[in-house]
Structures are given as C-alpha cells and as structure tokens.
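Visitor: Got chain A; can you put chain B on it based on the hints?
Just so you know, the sequences run in chain order A and B. Just so you know, we're using my numbering here: the first sequence kicks off at 22 and counts up by one. Just so you know, we're using my numbering here: the second sequence kicks off at 91 and counts up by one.
A portion of the hints provided could be inaccurate.
Stated by the list, open to error - Covered stretches of chain B, going by a simulated chain A footprint (3 or more residues, C-beta under 8 Å):
#, region
1, 159–169
2, 172–184
3, 187–194
4, 197–208
5, 282–293
What the hints assert, rightly or not - With beta-carbon atoms standing in for the labels, derived distance ranges:
#, chain 1, residue 1, chain 2, residue 2, range
6, B, Gln110, A, Glu165, 22 to 28 Å
7, A, Arg335, B, Gly234, 25 to 31 Å
8, A, Val39, B, Asp109, 53 to 59 Å
9, A, Ala105, B, Gln231, 50 to 56 Å
Stated by the list, open to error - From the derived model, a few chain B residues whose C-beta atoms are all more than 10 Å from chain A:
#, residue
10, Pro112
11, Val121
12, Gln228
The set of hints was computed from the structure by calculation and includes no laboratory data. Positions of the beta carbon are idealized from the N, C-alpha and C atoms, including for glycine.
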Amino acid sequence: MAERRVWPMIVALLALGVLLLPLSQSLFGLRLTYTVRVVALGGSLLGALSGAVGCFAVLRRESLLGDALSHAALPGVAIGFLLAGRQLGALLVGAGIASWLGLRLVAAILRTTRIKQDAALGIVLVSFFAAGIALLTYIQSLPEASQAGLDSFIFGQAAAIIESDIALLGGVGLAVTLVLALLWKEFKLITFDADFASAGGLRGGLIDALLSTLIVVTIVLGLQLAGVILMVGMLIAPAIAARQWTHSLEQMVVLAAALGAFAGGSGAVISALDSDIPTGPMIIVVAFALVALSITLAPGRGVLWRQLRQRENRRNFRSRRLEPGA
Amino acid sequence: MPEPGELALAIDDLTVAYDQKPAIWDIDLEVPQGALMAIVGPNGAGKSTLIKAALNLIPRAAGSALFHGKPYEAARHLVGYVPQRGSVDWDFPTSVLDVVTMGLYGKLGWLRRPGRRERAKALAALEQVGLLDYAGRQISQLSGGQQQRTFLARALVQDAQIYFMDEPFAAVDATTEAAIVNILRELNKRGRTVLVVHHDLQTVPEYFDWLTLLNVEVVASGPTCRVFTLDNLQKTYGGRVTSLHGGQVLAAGG
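For reference, chain A alone in the conformation it holds in the complex (with noise of 0.2 Å):
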C-alpha cells in the first residue's frame, strides 16, 4: 500500500542532504574541500546503495548474517594485502572471498549439524573476525607494511575514499540497481514466502544465491568507508527506519535508499571535520538517530503515534460508557 507522504519525504531528505554542505560550511566552518565533497558523494552513494539492499536483509531477518559476513570478510583484506599488496581490488576481491565462504559455511552448518542459527552466526563472525586482527597484526610488524593503513578497515575511514573509488561505487550501483528492477517480483516473492517461490516455478536456489551475493557485494564495497564492525548498520538500519514511514515494499526501498544517502553523506562529511572521528561509527549514528525519529514520530507504527490513538480510545471508551448515565 503506497503512502502519499513517502515521496515528499525523499524529496526533502535528499534537498536537506544537499544543503548540508554549504550550511555546515557557514556554521562549523567546514573546508569544502576536493577531498570533502569526494568523502560526501562517496558516502552518499553507499549509503544509498546498501540502504535499498539493506531492506531484503532485514526483511528477511537476515540483519544478523549480514554482521556476520562483515566481519568474516576481515582475514580476506588482510590475506588480499599479504598476495598482491596494497591495491584496493585485491583487498576487496579476498573481502569478497572470505565473507563469501563464511555464507557457505553458516549454511554448512546449519545443514550439517544440530547447531542453530544464532550460535552458528557466532561460530562464523568471531573466529573469521579472530583470523583477521591476527594477520593484521602480523602485517603491522612487517616493516614495509606499517604505512598500509589496513585498520582502517576495522571501524572505516572516510579519507579513504578517492575518486577512482567513487567511479567504482557508482558503477556497482547502477548494477545492482538494474538487477533489483529486472528481479524485483522474484526478489520480492523470495523475501516473502521462499517456500512458495519455489513450489510455484521459480528457481528458489538461484534467486536465493543472487540475493545473498548482492548483499556480500554490498558489504564489501562499504567495508572502507564503515569498517567491518559497523557496516551491517548502514545494510539495516535505513531499512528498519524506512520500514516505519510505508506499507509498500517499492517505497521502503527507495526511502531506505535515500535515509542510507543521508546517513552516509553526512556521516561521513561529519568525521572528515576532524581526522579522530571514525567515519563507520559517525555514519552509524547519524543513520540511528534516524531509526529513533522514524519509531517514534512515523504515523501508523510509530510509538508517539500509538500512544495517542490509545488515549483518544481510551477517551472515546469512558464518554461512551458515561452516556447511559448522563
């Protein structure tokens, strides 16, 4: 069901997101910089990016796996570094790789052992995040290797972000949003009701593996910027914000998408103000504050909103019994 109120709100959270920029360049005397409108678009676009993504995650309470699968992808960056060395697409590639084998083997898991979900969630995430701060810190001791900067893939960075890597956001955007469209009824069949997709006809199996590869892809791509801890953040929590605005699945992508921008784009300017600030937990708490206005303020769902239907009934409820009386 689409809500009329939706598309003005996306309107006016991409016109604040632009505006940012020059506001907090009068009142905190933000440089705008090459660097800094470089960081903002990066962020945006990611943000973006794993905002819509972000909404199948959740709604197929699949938010856990997706910190799981962020983190599995820290021993693929350091191993990337140890074979090819600094170049981004080796570190991403073994991101990919990794993240990608701790998927396969939660699945492994689950269908092989009597161990469930959460505790084979956990199983994936620490020892994969465990294997990773150990080769980063082999790597440190490596004299060649102490200017790497690999940590920054921990909790992010914002400075991080080069032009060339805004070309290979935006280019990876624009793929996974042409998959959305050409999938989307499978994709939103998928979510839905699995087992039905696949006793109706559709190839259950393989939408599954592109839906789960779409979301490592994501991941990957925001690892720079949010860092592993952080990056299952920006995937759910523009989604679970979006969530609260809309009953339509087409709208909460397109919000969470842009909720993602703004988080992401301001986060990220935000952290580059200064250079102690980590851009992944700056980002992650713009896009929270988000969340807390969304579950409270959002008509329909929203905490403030029930409370007051619960008066008014209550309200309507005594003057009725009052009646007979009166």
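Guide: Chain B alone, transformed into the frame defined by chain A:
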C-alpha cells in the same frame, strides 16, 4: 489399478529423515486425477513433511514423486501450493492484491512484470474467496481467516492441475471454512486434484472423497468410504480414537 497416465500423483518409496529418525518412511501413494483428498494423522505424523518432500522443498532420503507422470522439475506449472499460514511474516510491507498476484509470477517467467491482465486475474480470485473489498489492504491488517483466504486466492490464480494445501482449515472462522469448502468443491468439479492436510476428523467424510491416513508410514489410502473406518483410525492414532459420529464410521467401514 489405474494407468500411470490417469494418476495425478504417484509417490514411490518416499522417505525423509530429520536427525536419523524418519519423519516419513517408505511412502507409496497413488492419487487419481480429480480426487479431493485429505491427509490425516496425529501431530508429528509427517503430513506437512510429505507435501514438502513431494514438492522438493526439503531434501529426500529416498524415493520419487511423479505429477501427471512427470518429475517435479517438468511439472512445476501443474502444481499449486498453499503453505501453512504461519510460515510467512504477515507484517511484510505489501497489499492483499499484491500477494495474490504472486501466484502468477511463476508463469510470467523471468524479467516480465505483472500487468493489467494479471491484476484482473488476481481480482477475480479475490472475489471468489470473498475478499474483493480487501484488495488494497495492507496484509498485516487481515484476520487469520482472511490471511488464509488470501493464500487460497493466490493458489487459485496459479490455475494448477494438482493442489497441495497445508492445513488451510487450521484456526479459521466459519466464513472462511465455508469459503474454503466451496472452493474445494469448485476445483473438484473442474477435474482438479486437491490434497489437503487436515485435522478435523469429524468433517472428513463430508468434505473429502479420498483419504490418506498417515503416521510416519501410510496406514491406509483410498476412497473415504473404504478408508474412514474405526479400525484404520485406531491404527493411525494408536487407539486414541474410540468412536466418531456414533455408528456412522463403523457402518461405513462394515
């Protein structure tokens, strides 16, 4: 024995095991075309497992299932499915009409989007289950019975030859029960085969002309008038069934 071509469903040696213990064991089942069949048995008898294994939704330890003589991969378009109502999240952001339209996704194929024709089909199915006024509703606002009828409408637009329904009568209101029964009869009249996982023994002879009694293994399967006997029911439920409708069951069996 009917010719294989006349069988809507032929299950052979089907076995499914969770953790070594078999959930269903060596199921042989033949369902003629046009049968309106109940699958009845105690909790844990493997009724849902049987359906899901036949439809390849869970892995089989052994066995095969043929739909109108074809394996499942070649017969997907012949099969309609109504999963248990509780198997999905009804807070999913979508409308009733949208859920019903999902029944047409399989036939649409990759890349094609549902259009005006699909919308018309979905609305017709909603009218059939008495939910036309609810087409635009968000699904989280539906009652349990309305959810069940939405699922039924989604299966109707599939226009399948053989339907598998997992507990459609579970915890529904009288309106919904009547609507479901009407649709079962309508499907039956059009020569479709319907398999229903069912719990209420009282209504079995009234609603179904074919019956399979299941308790991990098939206890009995065939026309309801032959299978629905006190003896068979006691074998299925382990002697917990003492009488049903007074002498009616015994008379039918004797």
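Visitor: Evaluate each hint against the coordinates.
Guide: Outcome of the hint check:
1. 159–169: With 3 residues closer than 8 Å to chain A, the region 159–169 of chain B meets the three-residue bar; holds.
2. 172–184: Result for this restraint: holds, n = 7.
3. 187–194: holds (count 3)
4. 197–208: Since three or more residues must qualify, the claim that chain A covers the region 197–208 of chain B holds, with 6 doing so at under 8 Å.
5. 282–293: Violated: only 0 residues of the region 282–293 of chain B have a Cβ under 8 Å from chain A.
6. B/Gln110 - A/Glu165: 22 to 28 Å: violated, 55 Å
7. A/Arg335 - B/Gly234: 25 to 31 Å: Because 27 Å falls inside the window, the suggested range holds.
8. A/Val39 - B/Asp109: 53 to 59 Å: The hinted range 53 to 59 Å holds for A/Val39 and B/Asp109, with Cβ atoms some 57 Å apart.
9. A/Ala105 - B/Gln231: 50 to 56 Å: At 54 Å between Cβs, range holds.
10. Pro112: holds, 17 Å
11. Val121: Non-interface label on B/Val121 holds, nearest chain A Cβ at 17 Å vs cutoff 10 Å.
12. Gln228: The claim is violated: B/Gln228 sits with its nearest Cβ about 4 Å from chain A, within 10 Å.
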